[in-house]
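**Student:** As given, the protein sequences belong to chains R and H, one line each in that order.
For the first sequence, our numbering assigns the number 1 to the initial residue and increments by one for each residue that follows.
For the second sequence, our numbering assigns the number 1 to the initial residue and increments by one for each residue that follows.
Treat the hints as calculated values from the structure; they're not laboratory data.
Beta carbons are placed, not taken as given, at the ideal position from N, Cα and C, and that holds for glycine.
It is possible that some hints are incorrect.
Claimed, not checked - Derived pair list, reagent style DSS-like, types lysine-lysine, alpha-carbon separation capped at 25 Å:
#1 Lys85(R) with Lys220(H)
#2 Lys581(H) with Lys797(H)
#3 Lys599(H) with Lys227(H)
#4 Lys581(H) with Lys563(H)
#5 Lys581(H) with Lys94(R)
#6 Lys227(H) with Lys50(R)
#7 Lys508(H) with Lys563(H)
#8 Lys248(H) with Lys58(H)
#9 Lys227(H) with Lys172(H)
#10 Lys508(H) with Lys359(H)
#11 Lys50(R) with Lys85(R)
#12 Lys489(H) with Lys676(H)
#13 Lys106(H) with Lys322(H)
#14 Lys94(R) with Lys805(H)
#15 Lys94(R) with Lys676(H)
#16 Lys85(R) with Lys489(H)
#17 Lys85(R) with Lys563(H)
#18 Lys563(H) with Lys320(H)
#19 Lys58(H) with Lys5(H)
#20 Lys676(H) with Lys227(H)
#21 Lys227(H) with Lys320(H)
What the hints assert, rightly or not - Restraint-style ranges between C-beta atoms, simulated for each label pair:
#22 Leu81(R) with Glu496(H): 15 to 23 Å
#23 Thr578(H) with Arg99(R): 20 to 28 Å
#24 Arg27(H) with Asp96(R): 47 to 55 Å
#25 Lys94(R) with Gln385(H): 23 to 31 Å
#26 Arg28(R) with Glu386(H): 39 to 47 Å
#27 Arg259(H) with Arg28(R): 28 to 36 Å
#28 Glu802(H) with Asp96(R): 27 to 35 Å
#29 Lys94(R) with Asp380(H): 36 to 44 Å
#30 Arg99(R) with Asp124(H): 51 to 59 Å
#31 Lys716(H) with Asp96(R): 29 to 37 Å
Claimed, not checked - One side of the interface only, derived from the structure: several residues of chain H facing chain R at Cβ under 10 Å:
#32 Phe116
#33 Val120
#34 Leu187
#35 Asp523
#36 Phe609
#37 Arg686
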Amino acid sequence: MEPEWLDIGPVDQLPALGARTLPVRGGREIAIFHTANGQVYALANQCPHKAGPLSQGIVHDTTVTCPLHNWRISLVTGEALGEDKGCVPVIPVKIDGGRILIGRAAALAGVQ
Amino acid sequence: MTNPKPHLVVIGNGMAGCRAVEEILARDAERYRVTIFGAEPRVNYNRIMLSPLLAGDKAFEDIVINDHAWYADNGIELVAGDPVVAIDRAGQTIAARSGRIERYDKLLLATGSDPFIIPVPGHDLHGVVTFRDMDDVGAMLRAASAGGDAVVIGGGLLGLEAAHGLYLRGMKVTVLHLMPTLMERQLDEAAGWLLKEELERRGQTILTGADTAEIFGQGKVEGVRLKDGREIAASLVVMAVGIRPNVKLARDAGLAIGRGVHVDDHLVTSDENILAVGECVEHQGQVYGLVAPLWEMCRSLADALVATPSGYGGSVTSTKLKVSGIDVFSAGDFSGGEGCEDIVMRDASRGIYKRVVVKGDRLIGTVLYGDTQDGAWYFDLLKKQEDVASIRDALIFGQAFASGGGASANPNAAVAAMPDDGEICGCNGVSKGKVVAAIQGGAGTLDAVRACTKASASCGSCTGLVEGLLAITLGDDYAGERAAPTVCKCTSFTHEDVRRLIIEKSLKAIPQVMQELHWTTPDGCSSCRPALNYYLLCAWPGEFVDDNQSRFVNERMHANIQKDGTYSVVPRMWGGVTNPKELRAIADVAEQYQARMVKVTGGQRLDIFGIRKEDLPAVWADLNAAGMVSGHAYAKALRTVKTCVGSEWCRFGTQDSTGLGIRIEQMTWGSFMPHKFKIAVSGCPRNCAEASIKDIGVICVDSGYELSIGGNGGIKLRGTDFLCKVATEQEALDHCAAFIQLYREEARYLDRTAPWVERVGIDYIRQRIVEDDIGREALRARFLYSQSFMQDDPWAKRAAGEDWKLHQHLAEIRPARAPVARSLEVA
Ligand code: SRM
Ligand SMILES: Cc1cc2nc3c(=O)[nH]c(=O)nc-3n(C[C@H](O)[C@H](O)[C@H](O)COP(=O)(O)OP(=O)(O)OC[C@H]3O[C@@H](n4cnc5c(N)ncnc54)[C@H](O)[C@@H]3O)c2cc1C
Ligand code: SF4
Ligand code: FES
């Protein structure tokens with residue numbers, strides 16, 4: 001059986017209040033975010049506006065502000081907040097023994 | 001001897017195991033014959049009291065829950081000091097280490113957790129201990145009696161309690177915590193910061209972001225080495241980095257396990273004759289590390305075993321830190337997110353931070369620091385899922401206030417409900433009655449109230465309250481005011497207030513500013529964080545440690561992000577002058593890293609486009625090797641100093657404009673400012689360097705240098721204002737330095753000089769820079785002092801490996817065969 005979760009490395013490899021990226025061969029890049037509370041979230045690394053790399057935005061609370069035109073995207077739902085409309089795919093994440101696990105199916109969605 | 005009663009065997013003489021037995025006895029004392037096996041050679045005691053025991057507040061007798069008499073009176077056989085080593089499910093027996101075999105009808109697993117030990121070199125040295133049971137405390141007390149240094153690895157609940165105990169026992173304690181804030185799972189950044197400050201004030205050393213590389217020593221512990229190379233001496237190392245459910249027996253017996261032993265709502269494992277309870281279980285995906293859930297489990301377990309099944313539905317937990325004099329409480333979910341609203345109250349003078357998180361009409365989380373009186377009340381509202389809509393505005397003021405009728409839909413209700421002698425302004429001791437009287441006496445604006453009562457005239461933190469009173473007292477006649485904008489929605493303070501208070505109150509960290517100035521959000525937003533970072537950097541050059549995560553991507557990456565997510569790289573080209581060596585290095589880099597374009601910019605230098613974030617450090621290393629440094633084309637900082645060829649070549653040139661431009665750039669590069677800053681030096685009034693639309697423009701004339709300021713060639717075209725004329729190059733440099741420092745110290749973040757000069761007026765600038773010689777000299781000196789820390793090429797540091805994580809992928813997923821991946825490689 002396929003594993004349901006993929007281990008992508010230790011949590012301490014994430015900068016606090018920042019993000020790192022995870023390329024998926026043949027698929028879309030994933031951004032892994034770390035909040036002030038130490039929570040970890042994952043989104044497709046593409047802003048719903050003009051595909052800005054969300055991993056490079058400023059993380060505050062559970063929101064990331066896109067580096068290109070300042071849309072605010074919820075790390076929890078992937079939805080654009082405020083006046084802006086749009087949504088980016090969310091990849092389920094869990095932490096186990098200090099390691100980051102991401103949902104396999106969602107991570108590989110769109111792989112061709 | 002036969003006993004007709006079914007035999008209940010309990011493995012684990014800890015908190016959950018014994019409580020389960022107590023619950024069963026309370027329901028039906030005659031149902032089972034009970035035998036309890038315990039690995040520890042002693043009776044059942046209150047494990048959470050090990051902290052006060054270590055701190056010297058309690059003795060072992062005080063923390064015993066069930067003494068020998070209890071076991072005897074209830075006919076329970078305690079087999080202490082003899083751990084169970086195997087379970088034979090088919091034969092329904094267990095085997096203990098001593099060889100004893102016991103048959104069971106029902107078996108209860110209550111084996112708790114094992115402390116997690118990070119497998120760094122030296123973790124097994126003598127003097128490395130965990131914090132879980134009496135033996136651990138014994139080891140710590142023996143070490144402490146010899147005095148010396150202790151290192152506690154882990155700044156969570158357990159680690160901090162261990163550190164506190166050891167500190168009280170006279171050891172010099174250093175806490176190493178991997179995450180940036182203490183107790184990050186229970187506290188938010190703001191509360192974690194306050195906690196750290198308080199512990200440090202008491203004399204502990206707290207290192208956050210500290211990653212242990214190894215524990216060293218000859219035969220016994222001598223110290224700890226961090227990954228960044230720092231060494232901390234220690235004769236005792238306490239590992240308190242977390243716990244793992246103890247599932248060994250269950251795993252060996254083939255029971256279903258995940259992180260813990262899987263149980264259903266009646267605490268039954270995958271074998272109907274085996275139950276499990278406490279920290280060793282996993283229920284609906286949750287494992288717990290606190291006692292409250294385990295009390296609830298024990299009730300449901302006993303209900304199902306001997307009475308009417310009630311079913312365990314999972315627990316909501318709350319946390320308190322048992323360090324005397326420090327009150328910390330947290331419960332529920334305060335990670336925020338969609339539809340959540342934070343209500344924050346900060347009272348810096350009393351060291352209080354309170355935050356409740358409301359979603360819809362329910363309270364879903366809370367963090368309290370300094371005043372935890374209402375913790376239980378919030379926790380109750382949270383667990384019962386009470387509708388808090390009607391008391392929402394008063395929620396943060398606590399139970400007494402909210403249920404005392406102070407609540408209403410009016411946000412000014414809190415001030416309205418204050419008694420007349422209630423204090424509004426702590427700094428000047430002004431009561432509500434006094435402020436209201438002043439308003440009724442004609443003080444209809446904030447300034448007027450300030451003038452006649454002094455309320456809100458000092459630190460300004462009561463400004464919101466005074467405005468509330470103006471609104472209540474004047475009703476519709478008060479339209480609100482404050483012409484100056486606040487920094488952002490997180491605060492009611494203006495940029496000017498914040499800058500002044502950072503200095504007055506000597507605030508030196510972002511969370512400290514947020515606490516002292518009553519920020520209404522826990523960790524700010526993308527507007528205020530960069531602003532505060534800059535204000536602190538400007539106020540405390542050399543002292544403040546830049547917060548990279550509070551910087552916009554370009555400043556964090558030291559390159560300009562492009563629409564496709566790649567970066568452009570602009571090396572500094574002093575005064576617009578270059579040479580074959582630099583050009584060759586740029587050409588080589590462009591080829592080697594497949595730059596898609598090299599362009600001459602409007603700022604007289606070359607821009608290399610299309611570099612991937614992974615390649616940036618290598619590109620910089622190559623440019624550094626050719627003597628080039630960052631051009632800061634990405635930063636709120638000095639950009640370019642444009643020059644013309646000047647008297648060296650041009651038939652009209654009056655002075656060496658190129659040379660002066662280079663000298664100005666050498667003096668000013670690297671300096672962070674409220675916004676980007678551009679300078680130009682033209683060799684004569686024909687002004688080929690376009691000096692009249694720059695932040696500082698210098699136009700050389702026969703008799704000297706004409707300095708003008710506040711120009712902008714961008715969105716809104718503005719010609720410079722003439723500042724003064726000086727005779728020598730040195731004077732030109734000095735005036736530039738002083739003007740830049742004035743701008744750095746007084747403008748709002750994201751103000752270019754043009755709007756700032758328009759707001760404060762050119763007369764003000766002239767008065768500070770031209771008329772006040774002593775003031776100008778002081779500004780210049782402060783600028784140069786700050787520059788002594790700033791002129792450090794950020795590219796060189798990155799090329800040498802600093803912050804490498806920002807440039808590299810965390811990992812990579814390569815599906816072996818697409819689209820239906822059979823196997824996966826994760827690099
Ligand atoms: C590369 C360059 C255009 C060019 O190919 O020539 C350029 C490119 C950008 N400019 Fe510019 N500006 C460039 C010279 C200028 C100039 C001309 C000058 O400096 O003499 C101006 C007008 C002069 C001025 O600033 O007063 C100029 C006025 C702006 C403005 C409007 C500023 C304003 O206060 O109104 C912005 C927007 C902003 O900063 O908010 C801007 C912003 C930008 C940004 C940073 C847009 C962005 O945020 O991504 C562009 C990114 C460039 C990159 O990725 O490398 N750029 N920009 C020039 C780089 C100069 C350098 O060597 O550093
Ligand atoms: C220092 C400290 C402070 C704490 N403070 C708090 C607090 O303030 N608030 C809070 O809610 N919680 C606190 N806790 C956590 C709390 O103590 C635990 O949640 C609780 O003790 C768990 O109960 P348990 O019965 O599952 O495990 P335990 O109490 O650990 O009991 C398990 C027992 O099983 C024994 N055992 C294991 N394997 C075997 C075997 N094979 N055979 C026989 N016996 C075995 C162990 O020796 C142990 O005695 C604290 C914990 C510590 C260590
Ligand atoms: S003028 Fe506009 S498009 Fe051109 S570089 Fe400047 S910001 Fe970009
Ligand atoms: S691409 Fe993200 S805001 Fe435009």
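**Student:** Could you run down the list of hints and mark each one as holding or not?
**Tutor:** Comparing the hints with the structure gives:
no.	hint	in the structure
1	Lys85(R) with Lys220(H)	violated (61 Å)
2	Lys581(H) with Lys797(H)	holds (22 Å)
3	Lys599(H) with Lys227(H)	violated (41 Å)
4	Lys581(H) with Lys563(H)	violated (31 Å)
5	Lys581(H) with Lys94(R)	violated (51 Å)
6	Lys227(H) with Lys50(R)	violated (39 Å)
7	Lys508(H) with Lys563(H)	violated (36 Å)
8	Lys248(H) with Lys58(H)	violated (33 Å)
9	Lys227(H) with Lys172(H)	holds (22 Å)
10	Lys508(H) with Lys359(H)	violated (33 Å)
11	Lys50(R) with Lys85(R)	holds (12 Å)
12	Lys489(H) with Lys676(H)	holds (24 Å)
13	Lys106(H) with Lys322(H)	violated (37 Å)
14	Lys94(R) with Lys805(H)	holds (21 Å)
15	Lys94(R) with Lys676(H)	violated (41 Å)
16	Lys85(R) with Lys489(H)	holds (21 Å)
17	Lys85(R) with Lys563(H)	holds (20 Å)
18	Lys563(H) with Lys320(H)	violated (47 Å)
19	Lys58(H) with Lys5(H)	violated (40 Å)
20	Lys676(H) with Lys227(H)	violated (36 Å)
21	Lys227(H) with Lys320(H)	violated (31 Å)
22	Leu81(R) with Glu496(H): 15 to 23 Å	violated (29 Å)
23	Thr578(H) with Arg99(R): 20 to 28 Å	violated (49 Å)
24	Arg27(H) with Asp96(R): 47 to 55 Å	violated (37 Å)
25	Lys94(R) with Gln385(H): 23 to 31 Å	holds (25 Å)
26	Arg28(R) with Glu386(H): 39 to 47 Å	holds (43 Å)
27	Arg259(H) with Arg28(R): 28 to 36 Å	holds (30 Å)
28	Glu802(H) with Asp96(R): 27 to 35 Å	holds (30 Å)
29	Lys94(R) with Asp380(H): 36 to 44 Å	violated (29 Å)
30	Arg99(R) with Asp124(H): 51 to 59 Å	violated (23 Å)
31	Lys716(H) with Asp96(R): 29 to 37 Å	violated (54 Å)
32	Phe116	holds (8 Å)
33	Val120	violated (13 Å)
34	Leu187	holds (8 Å)
35	Asp523	holds (5 Å)
36	Phe609	violated (16 Å)
37	Arg686	violated (40 Å)
When held up to the earlier numbered hints, the structure conflicts with 1, 3, 4, 5, 6, 7, 8, 10, 13, 15, 18, 19, 20, 21, 22, 23, 24, 29, 30, 31, 33, 36 and 37 and fits the remainder.
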